Structure formats: C-alpha cells, structure tokens
Amino acid sequence: MKKIEAFIRPEQLEDMKEILDTLQLSGLSIMQVMGCGNQKGWKEFVRGAEIDYQFLPKIKMEMIVLDEQADSVVDSIVSKAYTGEFGDGKIFISDIGDAVRIRTGERGRKAVR
Amino acid sequence: MDHGDVAWMLTSSAMVLLMTPGLAFFYGGFVKRKNIINTLMSSVILMGVASVLWVLIGFSLSFSGDVAGIIGNLKWAGMNFDGMTDTTLPYPNTLAFAVFQMMFAIITPALMTGAVAERMKFSSLVVFTAIWSIIVYYPLAHMVWGGGILFDIGSVDFAGGNVVHISSGVSALVLAIFLGKRKNYGRTAYRPHNAPFIFLGAALLWFGWFGFNAGSALGANELAIHAFLTTNTAAASAMLSWLLIEVLTEGKPTIVGASTGLVIGLVSITPGAGFVPVWAAVVIGALVSPICYFFITVVKKKFGYDDALDVFGCHGVGGIWGGIATGIFAQKSINPAVAWNGLIFGDINLFLRQIAAIALTIAIAVAGTLIAGKITSAVTQGIKVSPKEEDIGLDATQHGESAYPAFNGMD
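Line by line, the protein sequences give chains P and U.
Residue numbering for the first sequence follows UniProt numbering, beginning at 1 and increasing consecutively.
Residue numbering for the second sequence follows UniProt numbering, beginning at 1 and increasing consecutively.
FYI, nobody ran anything at the bench for these hints, they're computed from the structure.
Model, not experiment: these values are computed from the prediction.
We treat Cβ as the ideally placed atom computed from N, Cα and C, and that holds for glycine.
Keep in mind that a hint or two might mislead.
What the hints assert, rightly or not - Simulated crosslink set (DSSO-like; lysine-lysine; CA at most 30 Å straight-line):
(1) P:Lys58 / U:Lys181
(2) P:Lys80 / U:Lys384
(3) P:Lys80 / U:Lys388
(4) U:Lys75 / P:Lys17
(5) U:Lys374 / P:Lys17
(6) P:Lys17 / U:Lys302
(7) P:Lys17 / U:Lys388
(8) U:Lys183 / P:Lys58
To be verified - Short derived list, chain P residues pointing at chain U, Cβ under 8 Å:
(9) Asp21
(10) Phe45
(11) Asp52
(12) Asp75
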C-alpha cells in the first residue's frame, strides 16, 4: 500500500475528481492548505497600499492506494495538474504499514479497497 | 410642488437605489467564492456608470420630446431644465421624477449581469452595459413611459415589467448565449457558496421594491398605498408557492427557494401593481413560481444555455407573466390610467395590447443586445475571460482582490 500526497493548484481540483472515476479508486481526502515555494506569493492593493502575500492557497490531496495502482494514479495527477508554470505543485509517495476499516475491522489490502 | 409627494418620491428613490447593492448580494451568494467580488462589482459599477450616463443623456433621451415614438431628444442633456419654476414640464416634480427614474436605469442593466456571472471580462461588462443602456433601455423607457409608441397603443406597465424585467431578462438570455457557457457547465455543480447572502440580498430587494412599485404612483397618494399592498402580497404568495413546490418535489423548504420565490413574486406584480386588485396579487404571485420553476428546471436544461443565475428564468419569464397577468386582472376603477378592464372582466383590448408590448420589448431586447454585444466584442477584443482565468476565479484575475482570505487563519 502507498500513500500519495499531492500539492496542487486549487483551480485544478475540478479535473482531479475524474481520477476517482477513471481509476476506480475508493476515496481521497482533500485539504485546503497555504504554502510557499518557487511560485512566491502575490500582491494585492488595498486603497493604494501594496500588500504582499507570501503564502498561496493550495489543495493537498491525500489517498491510500494499492501498490499496483500507485503509478497510474501519480501519472494521471501529473497530467491533470500540469500547466508548465511555477506553482504546479509536488507529489510525495510513501509506504503504508497497515490499514483498518473501522466499520468491519478488515485490515490491509481489504481495508483500502 | 406638493411636499408630501416630493418626500415620498425621494424616499422611494433611495429605496430603489438600495436594491442594486441588494441585488449584488443576492447574486453574489449564488456564485463560487472565487467570483463573489466580481459579481458584486458587476452591480456596483452600474451605480457609477448608469448614474452618470443618466444625468448626462439618459433622462433626456428617455423623457424629453419624441423622435418617431422610439426615443427622446437631447434637449435636457445634463439635466438642463429648471425643475423648480418651469411650468411646461410634464410632471410637477420633474426633477424628483428624474431622480426616481435614475434608480431604475441603474438596476436594470445590473439585473442582466447575473446571467453572465463567473466568465465575462469586467471591461467588456462595463462597455456592454453602457451601450445597452443607450440602445435598449432609454428607447424602452421612452416608449412605455415617455410618450412613445407603447404608451400610445394603450398598453400599461406600472413600474417596469417591460422596461426593467422583460428587457433585462431577455437581454440576459441573449448575452449569455452570445458569451458562451462557463468552462465546467454541465460537468460540475455550480451551487451557491453563501445562502445567507442570497437571503440578505432578497430582503433588501423586497424592502426596496416598495419604493420601486409604490413610488411608481409618482406621488404620496392612494394608488401608492394600493401598489404597496399588492407588492407585498405577491411577494408573500410567490414565496409560499415556491416553497410548496420544493416540499412536493424535493421534500424540504430552502432559504434559497424562499429568496427566489419572493423575488419572482415582486417581479410578477411589477407591471400590474397599480392596476390589479389585491386579490389578484395573490393569484399572480402564486402562479409565477410554478411558471419560473418550470423554465429554470426543464426548459433551461432542455436547451442547455448557461443563464448562470437564471436572470431569464426569473426576470424575463416572471416579467412576461406579470405583463400578461396585468392584461388579465387590470381594473379601470383602481387606476383610470388604464383604458380597458382586463380579460377576466370580459374585455380583450388590454390583453392584446399587453401581448403586443411584450413582443415588441422582446424584439428590441434581442436586437439591441446582439448589436451591443458585437460592438463590445470589437472594442474589448472578446468578451470572455480565458479558461485559465476562469479557473483561478474572476476576483483574482479581474480585480486582484480576494473575498475570504482568512479561510484558514493565515491573516
């Protein structure tokens, strides 16, 4: 089992939901986060005064998938989140030791499916 | 000059002005959170543009003189008349009338902006509404209220069913089709991001509408009281009938439904507020909800146009129903300004003239909107934001502001 954490642009979220359907994943979690990286912040003007925002709103998606699903999930996130400009985000993949479905008590692959 | 009349007209004018920020909140609650500032600004900008245009040329083109029954002349450009002493003016309080009418010229183009929400370039919206005011609104105001052809044929429109609601509703539909759909229309749910804002806006609209309709009696008189009562009655009746539809079809009554119902109730009574008996207001309001509900849920889906906030479904359709209903329920004994009784009292004359007026209004709105749209498109090099800007949101891309920056406690 793998955990996939993807930091993406908020405006790409709509396209992400299609991943669920096309790859038959059982679920994902989404968090609103603020982050800073190579994209830097942006400026707003309030009554003529410049205000710097160092952190930009981003979406963090988190999902646990089976080992054999991981590559295709990562590929499709990359293809949908890509714009080619700074701020497209990053994806992190890590191993998961075990999983439990609370309702049934199933463990491991059965709990993820 | 009657002091009571002046006091009521100025009060009414201020109430009608308040409808435009009310409308801004009403619309703003419906859009995505990344687009609320743009939606608010689409109404707010008209408090500037339409006010100045009105003072410079609008009032004159609408109410001074007559050119072929279609539009006025420029004799009163810049409000160039002496409202205090000139006894040749058509109303004893002509300047107060100009102030009152200005508020209508502000809210009418603002109504349209709901249909094109979340995807129209702000610069294009400003140019479009300015051109539209000149080629659609002023001529219509002249034709209906300023002694033009619709006035002459004997059709009636108490507070702006044709001029305000049908014209803006139909134009909104044409502009929405001309502009094209939102990027994810049909693929994702565009659900309201702030239902309390919708109700805040609806509440301000209800309050302001008393100025809109009762003020259209143009004086502090019995007709104003009558219009006040029909206005409240239709709003109440339509709100209840919309909620009843919701309970019957979806199971639960919603605040968005209550807000929608009361607003279309106000729309439907607008042309007849000073012509129909109070009991008819109950009927007009009760019927507008199922009619609009049908257009929004069935007709819009069938044709697939992206009238984002249902401006056509609410104001266009509700206004058309109101105009027809005036032809059905109007009563000479209530207001001698109408030459015939309505259909229900056995006279078809007014009914036919109402239909004719509606048809002409629709024709002008369609033609004027297409012309204004083409000109705007040429001036601002396209009228739609890019798909990427649409994704990011119009608040950031058109205004450089964010409505809810504190969503996770960073500031």
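To see whether the hints hold, each was checked on the structure:
1. P:Lys58 / U:Lys181: holds (26 Å)
2. P:Lys80 / U:Lys384: holds (23 Å)
3. P:Lys80 / U:Lys388: holds (13 Å)
4. U:Lys75 / P:Lys17: Violated, at about 60 Å.
5. U:Lys374 / P:Lys17: violated (37 Å)
6. P:Lys17 / U:Lys302: holds (26 Å)
7. P:Lys17 / U:Lys388: With Cα atoms ~18 Å apart, P:Lys17 and U:Lys388 stay inside 30 Å; holds.
8. U:Lys183 / P:Lys58: holds (21 Å)
9. Asp21: violated (12 Å)
10. Phe45: Status holds, d = 6 Å.
11. Asp52: Since the shortest Cβ distance to chain U is 12 Å, the answer is violated.
12. Asp75: With a minimum Cβ separation of about 21 Å from chain U (threshold 8 Å), the hint on P:Asp75 is violated.
The structure is inconsistent with the numbered hints 4, 5, 9, 11 and 12, although it conforms to all the rest.
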